[in-house]
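Taken in sequence, the protein lines are chains A and B.
One point on numbering: in full-length UniProt numbering, the residue at position 177 of the first sequence is 177, and numbering is uninterrupted.
One point on numbering: in full-length UniProt numbering, the residue at position 66 of the second sequence is 66, and numbering is uninterrupted.
Since the hints were derived computationally from the structure, they do not count as laboratory data.
Note that the structure is a prediction, hence the values are computed from the model and not measured.
Ideal Cβ placement from N, Cα and C applies to all residues, glycine included.
It is possible that part of the hints are untrue.
Taking CB as the label site, the calculated pair distances span [unchecked claim]:
#1 Arg398/A <-> Glu84/B: 42 to 52 Å
#2 Ala80/B <-> Thr318/A: 54 to 64 Å
#3 Ile534/A <-> Arg37/B: 20 to 30 Å
#4 Val96/B <-> Asp479/A: 37 to 47 Å
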Amino acid sequence: MIRALHPQKPKLVVIGNGMAGARLLEDVLACDPSRFDITVFGDEPYGNYNRILLSNVLNGTQDAKEIFLNPLAWYEENGITLHAGKRVTKIDREAKLVYAEDFSVEYDYLVFATGSKPFIPPIPGTPLHGVFAFRTLDDCRNIAEYAKGRKTAVVIGGGLLGLEAAKGLMTHNVEVTVVEMSPWLMSVQLDEAGGKVLGQTIANLGIKARAGTVTKELLGHMNVTGVKFADGSEIPADMVVISAGIRPNSELAKECGITCDKAIVVDDQLRTNDPAVFGVGECVQHNGMIYGLVAPLWEQTKVLAKVLTGADATATYTGSKIATKLKVMGVELASMGRINDLQPTDEVVQFSEPARQVYWKAIIRDGKVSAACLLGDLAPADDLMRLFHAGAPVPDRRLELFFTAGSAKKEVSLADLPDSHQICDCNGVCKGTIVTAIKGGKCTVPAVGKATRAGTGCGSCKTLVKGLIEAVAGGVKADPSESWFVAAVPLDKPSLVAEVKARGLKSVSAVLRELGAGDDEKSRNGLASMLKSIWGTEYIDERDSRFINDRVHANIQKDGTFSVIPRIYGGITTAEDLIKIGHVAKKYAVPMVKFTGGQRIDLLGIRKEDLPGVWADLGMPSGHAYTKALRTVKTCVGSEFCRYGTNDSTGLGIDLEKRFQGFEFPAKVKLAVSGCPRNCAESTVKDVGVIATEGGEWEVSVGGAAGAHVRKTEVLCRVTTKEDALRVIGRFLIYYRDNAKWLERTYDFVPRLGIEKVREIIVNDALGICAALDVEVEKTVAAYVDPWLERDQPVYAGQFEDTKRVPLPVL
Amino acid sequence: MTATVTRVQLCTLADLPTGLGRGFEVGGRPIAVFLGREGQVFAVDGKCPHKSGPLADGMLIGEQVVCPLHAFRFDGNSGACDQESVCGIQAYATEVRDGTVFVTVPLS
Numbered sequence: 001m002i003r004a005l006h007p008q009k010p011k012l013v014v015i016g017n018g019m020a021g022a023r024l025l026e027d028v029l030a031c032d033p034s035r036f037d038i039t040v041f042g043d044e045p046y047g048n049y050n051r052i053l054l055s056n057v058l059n060g061t062q063d064a065k066e067i068f069l070n071p072l073a074w075y076e077e078n079g080i081t082l083h084a085g086k087r088v089t090k091i092d093r094e095a096k097l098v099y100a101e102d103f104s105v106e107y108d109y110l111v112f113a114t115g116s117k118p119f120i121p122p123i124p125g126t127p128l129h130g131v132f133a134f135r136t137l138d139d140c141r142n143i144a145e146y147a148k149g150r151k152t153a154v155v156i157g158g159g160l161l162g163l164e165a166a167k168g169l170m171t172h173n174v175e176v177t178v179v180e181m182s183p184w185l186m187s188v189q190l191d192e193a194g195g196k197v198l199g200q201t202i203a204n205l206g207i208k209a210r211a212g213t214v215t216k217e218l219l220g221h222m223n224v225t226g227v228k229f230a231d232g233s234e235i236p237a238d239m240v241v242i243s244a245g246i247r248p249n250s251e252l253a254k255e256c257g258i259t260c261d262k263a264i265v266v267d268d269q270l271r272t273n274d275p276a277v278f279g280v281g282e283c284v285q286h287n288g289m290i291y292g293l294v295a296p297l298w299e300q301t302k303v304l305a306k307v308l309t310g311a312d313a314t315a316t317y318t319g320s321k322i323a324t325k326l327k328v329m330g331v332e333l334a335s336m337g338r339i340n341d342l343q344p345t346d347e348v349v350q351f352s353e354p355a356r357q358v359y360w361k362a363i364i365r366d367g368k369v370s371a372a373c374l375l376g377d378l379a380p381a382d383d384l385m386r387l388f389h390a391g392a393p394v395p396d397r398r399l400e401l402f403f404t405a406g407s408a409k410k411e412v413s414l415a416d417l418p419d420s421h422q423i424c425d426c427n428g429v430c431k432g433t434i435v436t437a438i439k440g441g442k443c444t445v446p447a448v449g450k451a452t453r454a455g456t457g458c459g460s461c462k463t464l465v466k467g468l469i470e471a472v473a474g475g476v477k478a479d480p481s482e483s484w485f486v487a488a489v490p491l492d493k494p495s496l497v498a499e500v501k502a503r504g505l506k507s508v509s510a511v512l513r514e515l516g517a518g519d520d521e522k523s524r525n526g527l528a529s530m531l532k533s534i535w536g537t538e539y540i541d542e543r544d545s546r547f548i549n550d551r552v553h554a555n556i557q558k559d560g561t562f563s564v565i566p567r568i569y570g571g572i573t574t575a576e577d578l579i580k581i582g583h584v585a586k587k588y589a590v591p592m593v594k595f596t597g598g599q600r601i602d603l604l605g606i607r608k609e610d611l612p613g614v615w616a617d618l619g620m621p622s623g624h625a626y627t628k629a630l631r632t633v634k635t636c637v638g639s640e641f642c643r644y645g646t647n648d649s650t651g652l653g654i655d656l657e658k659r660f661q662g663f664e665f666p667a668k669v670k671l672a673v674s675g676c677p678r679n680c681a682e683s684t685v686k687d688v689g690v691i692a693t694e695g696g697e698w699e700v701s702v703g704g705a706a707g708a709h710v711r712k713t714e715v716l717c718r719v720t721t722k723e724d725a726l727r728v729i730g731r732f733l734i735y736y737r738d739n740a741k742w743l744e745r746t747y748d749f750v751p752r753l754g755i756e757k758v759r760e761i762i763v764n765d766a767l768g769i770c771a772a773l774d775v776e777v778e779k780t781v782a783a784y785v786d787p788w789l790e791r792d793q794p795v796y797a798g799q800f801e802d803t804k805r806v807p808l809p810v811l
Numbered sequence: 001m002t003a004t005v006t007r008v009q010l011c012t013l014a015d016l017p018t019g020l021g022r023g024f025e026v027g028g029r030p031i032a033v034f035l036g037r038e039g040q041v042f043a044v045d046g047k048c049p050h051k052s053g054p055l056a057d058g059m060l061i062g063e064q065v066v067c068p069l070h071a072f073r074f075d076g077n078s079g080a081c082d083q084e085s086v087c088g089i090q091a092y093a094t095e096v097r098d099g100t101v102f103v104t105v106p107l108s
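Model the full structure from these sequences, guided by the hints.
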């Protein structure tokens with residue numbers, strides 16, 4: 001026995017140490033840990049355990065000690081006196097004394113949390129060996145022990161607990177029959193149709209069910225041997241588990257004069273007719289209702305803890321809405337309200353899909369969900385429960401109860417997120433910050449981005465930002481800039497190109513001067529790329545419109561150093577080149593040498609002033625791991641070495657890369673070629689992926705990525721020769737270059753147009769532009785100059801120079 | 001009374017390419033100097049207060065210096081940041097005389 005040390009405080013005595021009693025103790029401690037001198041009586045000789053998990057103990061997936069909620073030490077640490085295994089025998093309300101077998105305890109406040117006990121129907125034979133109730137940890141252990149070596153078992157009661165017991169018995173290799181008096185299983189949660197679906201489902205699992213069957217007698221002399229039914233039939237049974245419902249433990253309360261009906265009657269403050277005596281859990285009846293689930297019980301203990309501790313002396317419990325999601329025997333089930341409580345004016349919405357054993361039913365009363373059951377597939381359960389709990393009006397189109405429109409769903413879930421929830425993972429912007437900006441009048445995605453930086457990183461959270469604007473401000477303001485090629489020039493791409501050509505604007509500064517309405521770095525990068533593709537050699541290259549990466553042809557890293565990736569065509573290199581790379585890494589003390597995801601070697605941590613030297617020593621062309629351009633063509637080994645390879649993937653990869661190297665695009669572009677459908681080069685998540693098929697064809701697919709969004713490519717066409725592959729890919733790349741918005745990846749571009757349209761243009765030449773696209777490919781190929789050659793002749797002063805040191809004058 | 005600031009000769013105007021920045025370390029203090037398209041010369045702290053990005057490698061948009069790492073913007077005249085949560089940076093007075101660029105920096 002563990003004794004508390006605070007005799008002067010008011011004395012709180014709790015009878016019952018189950019789910020309700022223990023939860024009440026936790027809630028009381030949470031409100032005020034030192035308010036009471038607490039004593040608790042528990043019938044079972046343990047600390048408290050999670051009864052919901054008992055079936056796991058029976059079926060062996062959890063050990064008994066895993067389901068204990070609070071160990072004995074918890075009571076000690078919190079100064080609670082626990083009498084485990086001591087049964088309360090009498091209560092003297094006059095003297096405020098609780099009697100156990102051989103001692104008594106005083107109380108100022110008394111709480112009944114005595115729970116319920118299994119109902120054993122009055123049928124002959126229940127005292128036989130091998131007949132069990134299914135309620136306590138000891139029951140579980142005894143059932144499991146007895147099941148060893150037995151062949152047949154009958155479970156009486158086809159409710160939730162009965163089915164759990166049946167499932168548990170199955171794991172002990174016992175043949176199980178479930179017997180249910182009602183015409184169908186789980187008659188509390190399911191209607192007849194649902195019960196039949198459940199019956200079929202469990203039959204598939206190998207459990208026999210007899211619904212609408214009344215048990216007359218359990219047969220046997222010492223041990224149970226069979227079960228006899230009201231229709232006179234009998235079945236053999238080596239053991240019987242009774243799960244025929246529960247009865248509240250209210251005898252003790254009744255004996256000391258507390259008002260009881262079907263259970264201990266309590267008011268909205270969980271108080272009995274004696275102001276010092278309270279009750280919570282399955283032993284109480286509130287407003288005519290007795291609850292047998294944990295959620296209502298937790299609502300009750302929370303209110304009672306506030307009332308007892310005075311944390312909120314006016315707290316009230318107004319009843320619970322019963323909703324639960326269960327997994328019975330591998331069957332998904334959600335239930336809310338009382339499905340069989342149907343009134344003539346109720347609307348019933350039903351959906352069933354017998355092949356998958358899916359059954360959904362909702363009862364609508366006064367435009368609200370009053371009850372529902374879902375079986376087999378719980379996709380709509382969360383939304384339904386939200387409507388049910390909130391008492392919110394149901395959608396006018398009732399089928400949206402089950403098949404929610406995507407947008408409405410998003411708003412609800414966004415609204416439910418806490419303010420601290422991070423929306424933009426690139427810039428670490430939380431929902432609260434964004435909501436504040438929206439309330440401050442930022443009602444477009446770019447405006448929110450400007451105010452908070454949300455969505456300005458990889459952009460993958462922009463849809464969430466949009467959703468928040470819709471939720472908070474009621475709608476995203478029409479944002480004309482959505483259609484602009486870049487933010488600084490209020491023109492869409494075709495108009496911009498037309499103006500640029502008509503006015504002969506050949507530099508970024510000229511475009512901004514004549515057409516610009518603003519100026520920002522992204523717009524300048526975009527304009528530079530566009531002008532270069534329009535004017536080719538006539539383009540006036542202003543280096544102040546280039547990002548640092550494009551000024552020094554290397555990728556800036558977090559510490560201001562740069563990374564150098566030499567081009568390695570198709571991921572194939574040579575011993576000589578590897579040695580060279582190794583030498584360079586050593587010579588320049590490169591802090592990190594890394595293989596990239598695109599099968600290249602990355603030399604990280606190069607100082608800007610070392611770049612020309614590194615490039616010269618490597619003697620390899622630029623791998624374009626910086627600008628918006630063709631990055632890599634990833635390949636598998638293909639038919640050269642692979643025993644599955646059906647075609648020369650490395651050969652095609654190298655040809656693609658040699659042809660398209662240096663091509664600049666609105667965003668980075670990655671390619672891959674796989675030599676067989678095993679797809680080791682991961683071609684289906686690239687901007688352009690090629691897969692060799694058995695039979696010598698190449699399947700070309702486009703619009704994929706495994707970046708901020710993951711998108712699988714869509715098949716553009718199949719070709720038979722390498723030349724055809726090169727041609728169709730070249731056309732696609734140029735068409736993308738000339739028609740996509742700035743920074744629009746192919747995985748946004750292709751679905752924006754639709755793959756059929758892309759195919760019509762690129763493969764079937766529906767616009768008659770393919771010849772022009774081919775010409776443009778040739779022109780761009782011919783214009784390729786390795787940017788790393790700038791090492792020998794810097795284009796502007798200090799292009800690769802280090803910080804210049806200037807001393808302060810000596811005074 | 002001792003002077004707390006001093007004027008330092010940096011470079012020639014030709015050393016500053018149009019619209020671009022150059023990094024200097026003046027008496028150990030990193031400074032980014034930009035020549036604007038209109039001929040103005042801006043000098044601000046060389047490091048971004050956010051994650052120490054080298055501002056001299058940034059872009060100059062009008063009179064705003066944009067950090068190359070995460071695009072925080074600082075006013076070339078005042079050093080003020082356009083983001084509320086990020087502190088501004090020091091801006092230094094500049095002067096161009098006979099093709100030579102001078103910057104005024106604190107002595108300490």
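Each hint, compared with the structure:
1. Arg398/A <-> Glu84/B: 42 to 52 Å: This hint holds: roughly 47 Å between Cβ atoms.
2. Ala80/B <-> Thr318/A: 54 to 64 Å: holds (55 Å)
3. Ile534/A <-> Arg37/B: 20 to 30 Å: Once the Cβ atoms are compared, 22 Å apart, the range 20 to 30 Å for Arg37/B and Ile534/A holds.
4. Val96/B <-> Asp479/A: 37 to 47 Å: holds (42 Å)
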